[in-house]
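Visitor: Keeping their order, the protein sequence lines are chains A and B. Mapping to the numbering used here: the first sequence position 94 is 76, numbers consecutive. Mapping to the numbering used here: the second sequence position 39 is 21, numbers consecutive.
None of these hints come from the bench; they were simulated from the model. Values in this document were obtained by computation on a predicted structure and should not be read as measured data. Do not take every clue at face value.
[As the list claims (entries may be wrong)] For each label pair, taking beta carbons as the anchor points, the in silico distance ranges come out as:
id, chain 1, residue 1, chain 2, residue 2, range
1, A, Leu37, B, Asp15, 33 to 41 angstroms
2, A, Glu82, B, Arg19, 36 to 44 angstroms
3, B, Arg92, A, Glu82, 23 to 31 angstroms
4, B, Arg9, A, Glu90, 32 to 40 angstroms
5, A, Leu37, B, Glu0, 24 to 32 angstroms
6, B, Gly27, A, Asp15, 12 to 20 angstroms
7, A, Pro32, B, Glu0, 32 to 40 angstroms
8, B, Arg88, A, Glu90, 24 to 32 angstroms
9, B, Glu0, A, Arg9, 39 to 47 angstroms
10, A, Pro32, B, Glu93, 23 to 31 angstroms
11, A, Pro(-14), B, Glu82, 22 to 30 angstroms
Glycine included, every Cβ here is placed at the ideal spot set by N, Cα and C.
Residues per chain are reported as follows:
There are 2 protein chains.
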Amino acid sequence: MSVPPIGLHVLLDLHGVEPDLLSDLARIEGVLDEAARAAGAHVLGGHFHPFGPGLGVTGVLLLAESHISIHTWPEHGYAAVDVFMCGKAEAMTAARLIGERLQALRIELRECARGLRDGRLTG
Amino acid sequence: MSVPPIGLHVLLDLHGVEPDLLSDLARIEGVLDEAARAAGAHVLGGHFHPFGPGLGVTGVLLLAESHISIHTWPEHGYAAVDVFMCGKAEAMTAARLIGERLQALRIELRECARGLRDGRLTG
């Protein structure tokens, strides 16, 4: 990869999201794409799977800097999102934008460092 | 989705992996596929991107139960793997198998609960 293996992985749990939004594949693809660009990341490809009308979607944007993934459950108003970005891309910018665009009533956000830091092997 | 939004997300950082293995796309796809099946998960599709001969790969298996992703840096002997599985699929089984198959010298593993537990909204 062209970007260094030092990254921030943001685990984003979104609660209280409008069900219609969580089954709207085109809208979700658009939000993730906007988030990737806002973070300065480069999209290699998007792959999404709808589970059927009114049901959830699952998908991922593969990035030169790692990935953004989403899995939604409209029946629970819940979405599990991951924003994992290495190099200079700004994962938190993308994560915040996704939370805003999906208008979650409650957002839980965990930050996990990944990869190599200071030239040493750390987790 | 057909499976409940209760899941285990395993963040797996693999260090000291043979560089040739980390640039071998077919081998990596095979390992992830084997891991998904061992965990009892159902593969919806696999999407992988090689960065070039001798360089890293990035990719994801989309699952009915969420996803497995991998990003590799042969030049650092490092791979960042995620195993996120909801429902009855066994994420730890998949994570352990991936660590073994890639013969990592050092494995760092973090478990993160995702989704709804006991019918209440928790992270």
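Visitor: Look at each hint and say if it fits the structure.
Guide: Verification of the hints:
A C-beta distance of roughly 25 angstroms is found between Leu37 of chain A and Asp15 of chain B, which places it outside the suggested range of 33 to 41 angstroms. The hinted range of 36 to 44 angstroms is satisfied by Glu82 of chain A and Arg19 of chain B, whose Cβ atoms lie roughly 38 angstroms apart. Judged by the Cβ atoms, the range 23 to 31 angstroms given for Arg92 of chain B and Glu82 of chain A holds: they are separated by roughly 27 angstroms. Between Arg9 of chain B and Glu90 of chain A the beta carbons are some 36 angstroms apart, a value that agrees with the proposed interval 32 to 40 angstroms.
For Leu37 of chain A and Glu0 of chain B, the Cβ-Cβ distance of about 42 angstroms falls outside the hinted range of 24 to 32 angstroms, so the restraint is violated. Distance hint check for Gly27 of chain B and Asp15 of chain A: the Cβ-Cβ separation is about 19 angstroms, which falls inside the suggested range of 12 to 20 angstroms. Between Pro32 of chain A and Glu0 of chain B the Cβ separation comes to about 39 angstroms, which falls inside the hinted range of 32 to 40 angstroms. For the hinted restraint 24 to 32 angstroms between Arg88 of chain B and Glu90 of chain A, the CB-CB distance of approximately 30 angstroms keeps it satisfied.
For the pair Glu0 of chain B and Arg9 of chain A, the supplied restraint of 39 to 47 angstroms holds, since their beta-carbon distance comes to about 43 angstroms. Checked against the hint of 23 to 31 angstroms, the pair Pro32 of chain A and Glu93 of chain B passes, with Cβ atoms roughly 29 angstroms apart. The beta-carbon spacing between Pro(-14) of chain A and Glu82 of chain B, approximately 27 angstroms, falls within the hinted interval of 22 to 30 angstroms.
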